[in-house]
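Protein chains in written order, with the numbering used here: chain A, 48 to 349; chain B, 48 to 349.
Bear in mind the hints are in silico, worked out from the structure with no lab data behind them. One thing to keep in mind: the hints can contain errors.
The list treats identical chains as one, so a pair stands whether inside a single copy or across any two.
Keeping only pairs whose Cα atoms sit at most 25 Å apart, straight-line, the calculated PhoX-like set for lysine-lysine is [said to hold, decoys possible]:
#	residue 1	residue 2
1	Lys107	Lys81
2	Lys256	Lys107
3	Lys309	Lys140
4	Lys309	Lys256
5	Lys297	Lys256
6	Lys309	Lys253
7	Lys253	Lys297
8	Lys107	Lys253
9	Lys297	Lys309
There are 2 protein chains.
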Amino acid sequence: MRELLRVSAPVDLGAIDPRSTPGLPEATAGEHRKGWAREQVALLGAGLGRRQEMLYATAKAAQERPGPADRPAGRVLLVLQAMDCGGKDGTIKRVAGAMNPLGLHIRSFGPPTPEELRHDFLWRVRRALPPPGYVGIFNRSHYEDVLVARVASLVPEAVWRARYDEINDFERELTDAGVTLVKVLLHISYAEQGARLLERLDDPRKHWKYNPSDIDARARWDDYQAAYAEALSRCATDAAPWFVVPADRKWYRDWAVAHLLKETFDTLALGYPAANFDLGRERERLRAGEAGAGGTGEMNGR
Amino acid sequence: MRELLRVSAPVDLGAIDPRSTPGLPEATAGEHRKGWAREQVALLGAGLGRRQEMLYATAKAAQERPGPADRPAGRVLLVLQAMDCGGKDGTIKRVAGAMNPLGLHIRSFGPPTPEELRHDFLWRVRRALPPPGYVGIFNRSHYEDVLVARVASLVPEAVWRARYDEINDFERELTDAGVTLVKVLLHISYAEQGARLLERLDDPRKHWKYNPSDIDARARWDDYQAAYAEALSRCATDAAPWFVVPADRKWYRDWAVAHLLKETFDTLALGYPAANFDLGRERERLRAGEAGAGGTGEMNGR
Numbered sequence: 048m049r050e051l052l053r054v055s056a057p058v059d060l061g062a063i064d065p066r067s068t069p070g071l072p073e074a075t076a077g078e079h080r081k082g083w084a085r086e087q088v089a090l091l092g093a094g095l096g097r098r099q100e101m102l103y104a105t106a107k108a109a110q111e112r113p114g115p116a117d118r119p120a121g122r123v124l125l126v127l128q129a130m131d132c133g134g135k136d137g138t139i140k141r142v143a144g145a146m147n148p149l150g151l152h153i154r155s156f157g158p159p160t161p162e163e164l165r166h167d168f169l170w171r172v173r174r175a176l177p178p179p180g181y182v183g184i185f186n187r188s189h190y191e192d193v194l195v196a197r198v199a200s201l202v203p204e205a206v207w208r209a210r211y212d213e214i215n216d217f218e219r220e221l222t223d224a225g226v227t228l229v230k231v232l233l234h235i236s237y238a239e240q241g242a243r244l245l246e247r248l249d250d251p252r253k254h255w256k257y258n259p260s261d262i263d264a265r266a267r268w269d270d271y272q273a274a275y276a277e278a279l280s281r282c283a284t285d286a287a288p289w290f291v292v293p294a295d296r297k298w299y300r301d302w303a304v305a306h307l308l309k310e311t312f313d314t315l316a317l318g319y320p321a322a323n324f325d326l327g328r329e330r331e332r333l334r335a336g337e338a339g340a341g342g343t344g345e346m347n348g349r
Numbered sequence: 048m049r050e051l052l053r054v055s056a057p058v059d060l061g062a063i064d065p066r067s068t069p070g071l072p073e074a075t076a077g078e079h080r081k082g083w084a085r086e087q088v089a090l091l092g093a094g095l096g097r098r099q100e101m102l103y104a105t106a107k108a109a110q111e112r113p114g115p116a117d118r119p120a121g122r123v124l125l126v127l128q129a130m131d132c133g134g135k136d137g138t139i140k141r142v143a144g145a146m147n148p149l150g151l152h153i154r155s156f157g158p159p160t161p162e163e164l165r166h167d168f169l170w171r172v173r174r175a176l177p178p179p180g181y182v183g184i185f186n187r188s189h190y191e192d193v194l195v196a197r198v199a200s201l202v203p204e205a206v207w208r209a210r211y212d213e214i215n216d217f218e219r220e221l222t223d224a225g226v227t228l229v230k231v232l233l234h235i236s237y238a239e240q241g242a243r244l245l246e247r248l249d250d251p252r253k254h255w256k257y258n259p260s261d262i263d264a265r266a267r268w269d270d271y272q273a274a275y276a277e278a279l280s281r282c283a284t285d286a287a288p289w290f291v292v293p294a295d296r297k298w299y300r301d302w303a304v305a306h307l308l309k310e311t312f313d314t315l316a317l318g319y320p321a322a323n324f325d326l327g328r329e330r331e332r333l334r335a336g337e338a339g340a341g342g343t344g345e346m347n348g349r
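Could you build all of it, start to finish, from the sequences and the hints given here?
As structure tokens, this is what we get:
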């Protein structure tokens, strides 16, 4: 999937069908493929949970035995971008929901606060990075600063244009520090966005997700697609690749993102760290505690 | 379960059997009750996820329409305490894992850092509170400051003794600000702790969880139980009750904590907020966008 979904400059989003399902095994064609994909996400999730635990355990061991390390302790950072209704929240619920919440570090980026605006655009992003051993997820990210900032003219063109290089430098710094970046655009169609917005209007349980400004952004669809295409073209680097996941079909989207994460973990060659204590001695100490506690079967009320 | 598991002063932990299963329906007796409980946790988890979404949606709506509110926006804070191997991590994995990770705010408290030590013991706790709309989970908490701080004599007795009142004041402040506290002691036996420590020594995949200092704390078991009993006795208030969950059986522990959370959500009378926009007008705007986009079925590549 990393090969199939990865994009490189020049990125032409119009050539990627949001309803397509690249990489889906052919044998799963037909009606039951949706159920198949949902099952796979659960299975992949269990595997992701194990890998996440190894990542966490390795970072913890490194922290307890600091020293000259071959390479810095690992962390994984999934960056999710999409148009409104693109499925960022749903992807997090389904894919991250299959992992252990203790090892997740999820951060959402909204419009910058007054304090954030007083700093460089990467300031709030640096503060939101996952600690070593964690799987971070960015629900929107620093890419908004070359997307909405560009389309809505929040800053002059010279400012957002300079940000492509700044982002590449920043991401290079991250990967040098042991962060494995997985940048994903959930790619939906204009028609699908319209259908999902209508669903939010029709279902009282979804009104809270609707914002009238979504329609304003929708009116600028082509401008946003152009901004995305340029951002992906300029910032798809070897160190920090961009993946485009066709996202009109939610079950495919979840399966594809889970698969991307699994393949990413596989590149890390994870394992459990060796014990940093004397096993025999600790067994001895534990046994001594049993004896000292006054016999067997009497411990409950102790 | 809130009635059954709630404790009040004087708390006698020795009188609570860590292998007991209060509140478990009698019909589930026998071999299959473990499977039954696991299924129930999944079902309860789905319900918790819905309630969590309502909590989040309500807070979001309140934020968008600030004004004189009847009461502050809600948040729930689960405080988990236990002896080593008591099952805090496992409970979070199972119970929180059934909820939507986007709405969770999990914070673990380890030994205080030098910076944290330069501040009042509640400083780092205040910084870790969940924002409105979130379900927070404290993996250990400010109670460590009357537990390990007391048993290991990290501060003079006068200092930790004063903390009971300080904690009660702090928690009263939180509940006044709309935080619903659920404080849970996962209550395991000395024997069960020994078995779990041995498991960590025997399984190379679990070595990373083992710390030789666990045996030192185990040697002070009675002192810790006394410290817990006094902390619960002094800080079980009407505003912020303490619950003791027998935790030798993991499946019961998870079921009981999920149930406590569900009953806690039920006291909040949650619902979805009303739309804060004109539904008819928004449908109109959405329809106009469809027309302006140049016909039907042509949107994919747009």
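Quick rundown of the hints versus the structure:
1. For the identical chains of this complex, Lys107 and Lys81 are neighbours neither inside a copy (38 Å) nor across copies (32 Å), given an alpha-carbon limit of 25 Å.
2. Only between protomers do Lys256 and Lys107 lie at most 25 Å apart by alpha-carbon distance; the minimum there is 9 Å, versus 38 Å within a single protomer.
3. In the homo-oligomer, the alpha carbons of Lys309 and Lys140 lie at most 25 Å apart both inside one protomer (17 Å) and across protomers (19 Å), since each shortest distance falls under that limit.
4. For a Cα distance limit of 25 Å, the shortest separation of Lys309 from Lys256 across copies, 24 Å, qualifies, whereas the shortest one inside one copy, 30 Å, does not.
5. Only within a single protomer do Lys297 and Lys256 lie at most 25 Å apart by alpha-carbon distance; the minimum there is 17 Å, versus 37 Å between protomers.
6. Taking the closest pair of Cα atoms, Lys309 and Lys253 come within 25 Å of each other only across two copies (22 Å); inside a single copy the shortest separation is 31 Å, beyond that limit.
7. For the homomeric pair Lys253 and Lys297, the shortest alpha-carbon distance inside one copy (17 Å) is at most 25 Å, but the shortest distance between copies (36 Å) is not.
8. Proximity of Lys107 and Lys253 under a CA criterion of 25 Å is satisfied inter-copy only: 12 Å between copies versus 41 Å inside one chain copy.
9. With identical chains, the CA atoms of Lys297 and Lys309 are at most 25 Å apart within one copy only, with a shortest distance of 18 Å there and 29 Å across copies.
Against the hints set out earlier in the document, a violation occurs for number 1 only.
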